[in-house]
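Residue numbers (the working numbering), protein chains in the order written: chain A, 584 to 908; chain B, 2 to 338; chain C, 360 to 625.
Everything labelled a hint here was simulated from the structure, so no lab data went into it. Check each hint, because a few of them may be wrong.
Stated by the list, open to error - Partial pick of chain A residues on the chain C-facing surface, computed with a CB cut under 10 Å:
no. : residue
1   : S626
2   : L640
3   : I800
4   : V801
5   : R846
6   : D850
For each residue, glycine too, the CB sits at the ideal point set by N, CA and C.
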Amino acid sequence: MEKLLQVDDLRTWFRTSRGIVKAVDGVSFDVAPGKTRAIVGESGCGKSITALSILQLVPEPAGYIESGKIHFGGEDILERSWTDMRGLRGREIAMIFQEPMTSLNPTRTIGWQLSEAMTVHGKDAPAARARALELLERVGLRDPNAALRQYPHELSGGMRQRVMIAIALANRPKLLIADEPTTALDVTVQAQIMSLIKELQDELGMAMLLITHDLGIVSEVAHDVSVMYAGQVVEAAPTRDLFHDPRHPYTQGLFASLPARNRRGKDLMTLDGIVPDAANWPTGCRFAERCAHRLDACSAPPALHGSGTHRQVRCHLPSAMEVTK
Amino acid sequence: MSPTLLHLLYNLSPLALIGVAVVIFLRARQTPLWGEAFRRLARNPSARVAMAVIGIYATIGIADSVGWYDATTQERRTVIDAIFERKPERTYSAPLAEMTTGEAKPQKIREKHILGTDSIGADVFYRTLKGVRTAFQIGGMTVLIVTPLALLLGLTAGYYGKWRDDVITYIYTVLSSVPGILLQIAMVLVLGKGIIQICLALGITRWVGLCRMVRGETIKHREREYVRSAKALGVTDMVILVRHILPNLLPVVIISTTLGFSNLVLSEAILSYLGVGVPDNVGSWGNMIDAARDELARDPVIWWNLTAATGAITGLALSLNLFGDALRDAVDPRLRS
Amino acid sequence: MSTTPPMLDVRHLVKQFPKRGGMFGKREVFTAVDDVSFQVNRGTTLALVGESGSGKSTVGMMLLGLLETTSGDVLYEGRPVIGLRGPERLALRRKLQVVFQDPFASLNARMTVAELVMEGMRVHKMYANDAERRARAQELLGQVGMPAHALDRYPHEFSGGQRQRIAIARALSVEPEFLVLDEPTSALDVSVQSQVLNLLRRLQRERGLTYLFVTHNLAVVDYLADEVCVMEKGKIIERGMVEDVFDHPQHVTTQRLLAAVPKVEM
Numbered sequence: 584m585e586k587l588l589q590v591d592d593l594r595t596w597f598r599t600s601r602g603i604v605k606a607v608d609g610v611s612f613d614v615a616p617g618k619t620r621a622i623v624g625e626s627g628c629g630k631s632i633t634a635l636s637i638l639q640l641v642p643e644p645a646g647y648i649e650s651g652k653i654h655f656g657g658e659d660i661l662e663r664s665w666t667d668m669r670g671l672r673g674r675e676i677a678m679i680f681q682e683p684m685t686s687l688n689p690t691r692t693i694g695w696q697l698s699e700a701m702t703v704h705g706k707d708a709p710a711a712r713a714r715a716l717e718l719l720e721r722v723g724l725r726d727p728n729a730a731l732r733q734y735p736h737e738l739s740g741g742m743r744q745r746v747m748i749a750i751a752l753a754n755r756p757k758l759l760i761a762d763e764p765t766t767a768l769d770v771t772v773q774a775q776i777m778s779l780i781k782e783l784q785d786e787l788g789m790a791m792l793l794i795t796h797d798l799g800i801v802s803e804v805a806h807d808v809s810v811m812y813a814g815q816v817v818e819a820a821p822t823r824d825l826f827h828d829p830r831h832p833y834t835q836g837l838f839a840s841l842p843a844r845n846r847r848g849k850d851l852m853t854l855d856g857i858v859p860d861a862a863n864w865p866t867g868c869r870f871a872e873r874c875a876h877r878l879d880a881c882s883a884p885p886a887l888h889g890s891g892t893h894r895q896v897r898c899h900l901p902s903a904m905e906v907t908k
Numbered sequence: 002m003s004p005t006l007l008h009l010l011y012n013l014s015p016l017a018l019i020g021v022a023v024v025i026f027l028r029a030r031q032t033p034l035w036g037e038a039f040r041r042l043a044r045n046p047s048a049r050v051a052m053a054v055i056g057i058y059a060t061i062g063i064a065d066s067v068g069w070y071d072a073t074t075q076e077r078r079t080v081i082d083a084i085f086e087r088k089p090e091r092t093y094s095a096p097l098a099e100m101t102t103g104e105a106k107p108q109k110i111r112e113k114h115i116l117g118t119d120s121i122g123a124d125v126f127y128r129t130l131k132g133v134r135t136a137f138q139i140g141g142m143t144v145l146i147v148t149p150l151a152l153l154l155g156l157t158a159g160y161y162g163k164w165r166d167d168v169i170t171y172i173y174t175v176l177s178s179v180p181g182i183l184l185q186i187a188m189v190l191v192l193g194k195g196i197i198q199i200c201l202a203l204g205i206t207r208w209v210g211l212c213r214m215v216r217g218e219t220i221k222h223r224e225r226e227y228v229r230s231a232k233a234l235g236v237t238d239m240v241i242l243v244r245h246i247l248p249n250l251l252p253v254v255i256i257s258t259t260l261g262f263s264n265l266v267l268s269e270a271i272l273s274y275l276g277v278g279v280p281d282n283v284g285s286w287g288n289m290i291d292a293a294r295d296e297l298a299r300d301p302v303i304w305w306n307l308t309a310a311t312g313a314i315t316g317l318a319l320s321l322n323l324f325g326d327a328l329r330d331a332v333d334p335r336l337r338s
Numbered sequence: 360m361s362t363t364p365p366m367l368d369v370r371h372l373v374k375q376f377p378k379r380g381g382m383f384g385k386r387e388v389f390t391a392v393d394d395v396s397f398q399v400n401r402g403t404t405l406a407l408v409g410e411s412g413s414g415k416s417t418v419g420m421m422l423l424g425l426l427e428t429t430s431g432d433v434l435y436e437g438r439p440v441i442g443l444r445g446p447e448r449l450a451l452r453r454k455l456q457v458v459f460q461d462p463f464a465s466l467n468a469r470m471t472v473a474e475l476v477m478e479g480m481r482v483h484k485m486y487a488n489d490a491e492r493r494a495r496a497q498e499l500l501g502q503v504g505m506p507a508h509a510l511d512r513y514p515h516e517f518s519g520g521q522r523q524r525i526a527i528a529r530a531l532s533v534e535p536e537f538l539v540l541d542e543p544t545s546a547l548d549v550s551v552q553s554q555v556l557n558l559l560r561r562l563q564r565e566r567g568l569t570y571l572f573v574t575h576n577l578a579v580v581d582y583l584a585d586e587v588c589v590m591e592k593g594k595i596i597e598r599g600m601v602e603d604v605f606d607h608p609q610h611v612t613t614q615r616l617l618a619a620v621p622k623v624e625m
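Please construct the entire structure, taking both the sequences and the accompanying hints into account.
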């Protein structure tokens, strides 16, 4: 099937006083139309920078895309100029962030911000206002007419995130990038927001790139998962396969460290040691130092074995490579 | 005690000052925050220029504080006096001129003066140098009044809140709604002219800004978890204020003090210009500018006295401001990667 | 009635905050904690769960004396603790300690790890001198799995998980019996969370500590806690053994909470 988004060997680096921080260092994945790909990983693994790179929103001047290709709808969008990207952002690709309060302008009404999202892409003002009301209704605001005239601080966190979703979907984008969209919310609100996103996704036939650290959400929402560690994808697979049978020792460790009823009274699995310094990645396998199954071969960097549609694993272990044959 | 010995003892205070500054600098460099800040400062070219200029001013000020008792004049002579003092001419002379100016019949002068001479024939360059120490004295002493006062009141108001906050906020709101310059003039008129009096007048009116800032920062820190965790351990309020909150406020306090210092140097000039500044026998840029009021109306115009004083003030104030800004950039965590 | 009284007995605890209103308006109050009662037995873990704004953290802060109560009683080993002053209050502070959610915010960035861990010992005049306190601090750091060279470093040199260990060592420094754990793993990654949870379990086993675990993370509660109180709008709406409450939730809010937790299907 034709891919909507295809990221190839993306490297996003940062110039800092400590040297070049290779936050994203050779990441590849794709998103099929209408499907959801999750990128999971712990803080500092580069998942959010990957998301920002797609829209060329990496904080400048420190950050820059060193190399790689990002194809969206068949076109290499890294070739696009900044002004060309503006036409893409918000119209073809929309993004929602973790903290809905800081993503909204506190001095403007919800209605104004929602209309603006459409007028910048050429919709005339009265049509934009009518559509704003429709959108607020659709994302489940109790009184959409009143909400149009309200300011962000007058809404709860969950309601603000609904407004963010309305803004993101205003122009019927083909791809939604959601960066930890529910992390700041209570668990019941989180569940409502995720099911809203899923519903809207089906309705609009929209693809989604979901950035999260929450394996539970991944399990419920995503079709495919890429697990990131230390700036690289270490394992990628269809969600069911990955959850049933994680192959990379890091992925296995993540699952084994989750607290649960059946682990009561037993120690949880831990990953000892810390993530290596992004300014100075190890030359070999970046997980080797924390890995319980370390081999001699691990002093050489492992390649990402396997095909994109099934499973890919970046590991030297025979058991990990087996499934990829 | 013989005057000779006494005047040698006077030299201890500038030396002690240098010692304290060096110790503070060396100790600060050990801490991660300031160590990193100093490294950033050292890399910033405009900060380096500013520090060099401030260093030159400071050297002049210190050289003017080190001296001895001169038995013939029965007065204290400083290093600056010894090097730069010139025999007085009859009256004004332009920079590097050979004849006096402003006399009906210009006379030949004894020697050339790089910045000319003033109405009583004193060397303007020397007078300008003598102004440095006064500027530092006023800036320094006022800061010593302002900072503790602002910290004490700001921390108290911010941390305890309630009635203490109400009282302190009330006082500074009233104070800041009276024009500062009028209050300062009134105070000097009551206390009399003199360096200490000016410092008091400036100190009483200038703590408000810093106090307001300290109060705001304290309120912010009061609610932080590290303060609550100290309280849970049973740490007393006083220790929390001094050991926990104060060190977190120091960067902003130091930056605003640096910027405030240059403001004080300017204030001294303004007060002296208005005739309520330091006594006439003390070297002061403000007094030099004050004298220029008449000098600018003369023909030919006596411009060098004003130019020298203004240049000296601008040089110092600009360097202090540049340094303060660079310091803010160096310690601002938002700019840290 | 059991023969041994509970270690902590909270009776009808209420906390009201004045509502923000007009200067001349009627004084209205917002009730953050509304008639909350529970007991915690020695050596066990009670979890206080609920969504943000349910009042669970407020309860913890009141137990620690960091927030004044509006009404109600707290008995620690049978003795009332509210309104204690002076040395008695200080003595109680030693027995009740706290670990906060955000190890970046709960450790003063301007103090070294040694100063942080020794501070409580100084306040309570434990050990004869600083050399002994330092030795004890080093021992404590070892017990929470921190290297010895950590003593003279600053908190910012450590990762989130390591900082939380330092915060735990700091709390343990005064030899408490009871720890309020206020979302201690919520700011941490899962692989680090498991380290902290293992540490908390080990410390409870070795030292017989009693925990009040304030959290919104039901998976952690299911793994660690013995009993659970579910809070909503300042009230306890359901309480019981974790297995009973989680397997047979009675209150609709509890059911909703449990249903909302995304399941990791393996």
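Status of each hint after checking the structure:
Interface hint status for A:S626: upheld, as the beta-carbon distance to the closest one in chain C is roughly 6 Å, under 10 Å. Using the Cβ-Cβ criterion of 10 Å, the hint placing A:L640 at the interface with chain C is not satisfied: the shortest such distance is roughly 24 Å. A distance limit of 10 Å between C-beta atoms decides the matter here; for A:I800 the minimum to chain C is near 5 Å, and the interface restraint holds. For A:V801, the interface hint holds, since its Cβ comes within 10 Å of a Cβ in chain C; the closest pair sits about 8 Å apart.
Hint status for A:R846: holds, given a least beta-carbon distance of 6 Å to chain C, under 10 Å. Evaluation of the A:D850 hint against chain C yields a held restraint, the C-beta minimum of about 5 Å falling below 10 Å.
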